[in-house]
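Taken in sequence, the protein lines are chains A and B. For what it's worth, this note's numbering labels the leading residue of the first sequence as 1, then goes sequentially. For what it's worth, this note's numbering labels the leading residue of the second sequence as 1001, then goes sequentially.
Any given hint could turn out to be false.
As the list claims (entries may be wrong) - Taking lysine-lysine pairs in the DSSO-like style, the calculated list, with each CA pair at most 30 Å apart, reads:
hint, chain 1, residue 1, chain 2, residue 2
1, A, K145, B, K1016
2, A, K313, B, K1016
3, A, K137, B, K1079
4, A, K300, B, K1156
5, A, K178, A, K496
6, B, K1090, A, K316
7, B, K1058, A, K193
8, B, K1058, A, K313
No wet-lab data here; the hints were simulated from the structure. As the structure is a prediction and not an experimental result, all values here were calculated from the model.
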Amino acid sequence: MSKLYSGADIVFKCLEDQEVEFIFGYPGGAVLPIYDELKNHSSIKHILARHEQGAGHAAEGYARSSGKPGVLVVTSGPGATNAVTALTDAYMDSVPLVCISGQVPTHLIGTDAFQECDTTGITRPCTKHNWLVKDIKNLGKTIHKAFEVATTGRPGPVLVDIPKDVQFQKASYTKFKKQKKLNGKVHNQFSQKDIDELIKLMSKASKPIFYTGGGVINSGPKASELLRELVNTTGFPITTTLQGLGSYPGEDSHFLGMLGMHGSYEANNAMHDCDLMINIGARFDDRITGKIDEFSPNSKKVHIDIDPSSINKNVKVDLPIVGDVAEVIGSTIKTIKKTKPDFAKSNKQKISKWWEKIQKWRSVKSFEFVNSTETIKPQYAVQRLYELTKNKDTYITTEVGQHQMWAAQHYKFDKPNRWMTSGGLGTMGYGLPAAVGVQVAHPKKLVIDIAGEASVLMTMQEMSTAVQYSLPIKIFILNNEYMGMVRQWQELLHEKNYSESYTAALPDFVKLAEAYGCVGIRAKTPDELDDKIIEMINTDRPVIFDCMVDKEENCFPMIPSGKPHNEMLLGPKDQKEKKITEKGKTLV
Amino acid sequence: MANSKSAYSSPGKIGKFHTHIIVVWVDNEAGVLARVVGLFSGRGYNIESLAVAEIDPKLNISRITIVTTGTPQVIEQIKLQLKKLVPVHKVADFKREDRNVIFKEMALFKVVGNNSKRKKALNACKKYNAVILDKTNKSCVIQITALRREIDLTAKNLKKYGLVSVSRTGAVAMTRGSEIFK
């Protein structure tokens, strides 16, 4: 008879077979057997967070920066409900997470037992799939299935709920062989005919644009390389979404910058006026499209996505191609090379007028701002941070708000998996714990959370985690003492009624850093900024950097509520001329 | 469909609404119905009626028949979203007008009244495969199988004959001829 293992042991056997190195979690009554078993599995290191949401975001940061699934372990009841924000965040941004939650013993389920909640019920809408394992015999295969679901197709979070008695029960375990490439043909539903059709559209277009998203990054580093080749082969302009930053080099001349609500003037206008839009791994999110009826009215639209339900969800497209981004781009390049070896050259003339137009939009320099010698402008702070760290292969995470948009506008990425931000759900408090996870995955790299003072306070407790594991993350706070984005909308849309958006009674971040046992640095003027940033970079411990910035700076350019792409606000002057309509105010 | 408050998904042009019957084959496991129904409520799709039961005890497969309304784009989304659920094996959909598909609902009517009223009630149900399931000297329970609007109409008719209770199922569907759902 084969050897019998306890449920808790089987959990670790599965994690070992899945080649998991780190798990993020927080112990509690219903997962005690699992924590008891931890000591017997030296290849797996547990990172103790200070809140289950923090553990979840750390697992997300780990996953997004490493391309491997993130694993988190939480207890029943509050442990599971605290993880819900992170699970939803991962669901919206397609991050592979496997959450293992404890549950009260099977005989107590449904009795409102201590720390009981309907975990699978609560997490059903925010996971790709979840399981309540009531029979020890199913535990092993369920966990392996969970990893498969999380990492194949469009990635996402899954949850396995394990009652405490199941963790004690015994069963045999069959070793699992990890398949090298699960994400193969199953998800590729395209044919050579689709690729030919795409190339036909490409050679006909005189005003083409690539619009790429997080799908390129999720498809693996190969996809980003192929994307570069595709742009070089075609000579087409390219813009990326917030999540797509890094899939294409930010300083390349074909790159028009990020598009969308706070995207560049040239990217948004090019999207509006183009005659061929090739969407690669993006999802026509509402922050991208603006007013949907007036979104890119005269273009043929191609949509390449691994998730069939993303196609025709928000915007009707002319040519859908369902498949893995890397595979689709790969076949496209191959076909172009075979059938039209001098595509770029023959095409150059055709799209030269288009590039001229784009240069005109570019000359508007929409990310420009009025700098100051007295106060630090937040954009200037991000620019300096970029200049001083760009040679270091830096990993950037952010919280959510103005600072996030400034980071996206002014920090340039040239590699994928270097930019971790909460885009879909927009979770304030994401960046700090995500930085913890990134640093765990890349212990020798420089990891910076570009933060706002309001966001960072939501998960500040995770500094303790960083200190415990000697993770030298840098928390670069653009401190304007406001919930900046809320204040900006109140200024533009609510007659400057700054209702509850001023953060009074802020902690002294330098002292707070010291209290946590890390290093606090404060910069107050533009003169001292560079020196302080260098000091931060050279500190081999966690740092909280309190960058005191202009309190009333707004994030421009901006597509105001209810407006299409070609009606952007460029800056404070522009704003007076294009009044936001009464109707626009009611819109989010 | 409720009007969205967001500018960025404001419904400019709403397409025409169609009634569709969506058939879903799922693993018969705990929570599977909640997943399907939760997907409808979570994404704001309508459910007009729902019928579900296990159809293959060996393979553990249940068949869910959902009657829903939506624009062609919404119907397409419903199907694609359903296919993403892990326990879902296949999804089929039909327009209600589809001549090649049979749709049926079942209803039970309890009629309380004198002999003549009960007879009239039974008469009114005749063309819908009426079966008397129970009778006493002052009441009867009639079962009919028919289309939704026929049952609506019959129920209205039976009011005057002493209809006291109605119980009805959601629609179930099957293709005509030798074809089966793919």
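To see whether the hints hold, each was checked on the structure:
{"no.": "1", "hint": "A:K145 to B:K1016", "result": "violated (41 Å)"}
{"no.": "2", "hint": "A:K313 to B:K1016", "result": "holds (16 Å)"}
{"no.": "3", "hint": "A:K137 to B:K1079", "result": "violated (33 Å)"}
{"no.": "4", "hint": "A:K300 to B:K1156", "result": "violated (52 Å)"}
{"no.": "5", "hint": "A:K178 to A:K496", "result": "violated (57 Å)"}
{"no.": "6", "hint": "B:K1090 to A:K316", "result": "holds (24 Å)"}
{"no.": "7", "hint": "B:K1058 to A:K193", "result": "violated (41 Å)"}
{"no.": "8", "hint": "B:K1058 to A:K313", "result": "violated (37 Å)"}
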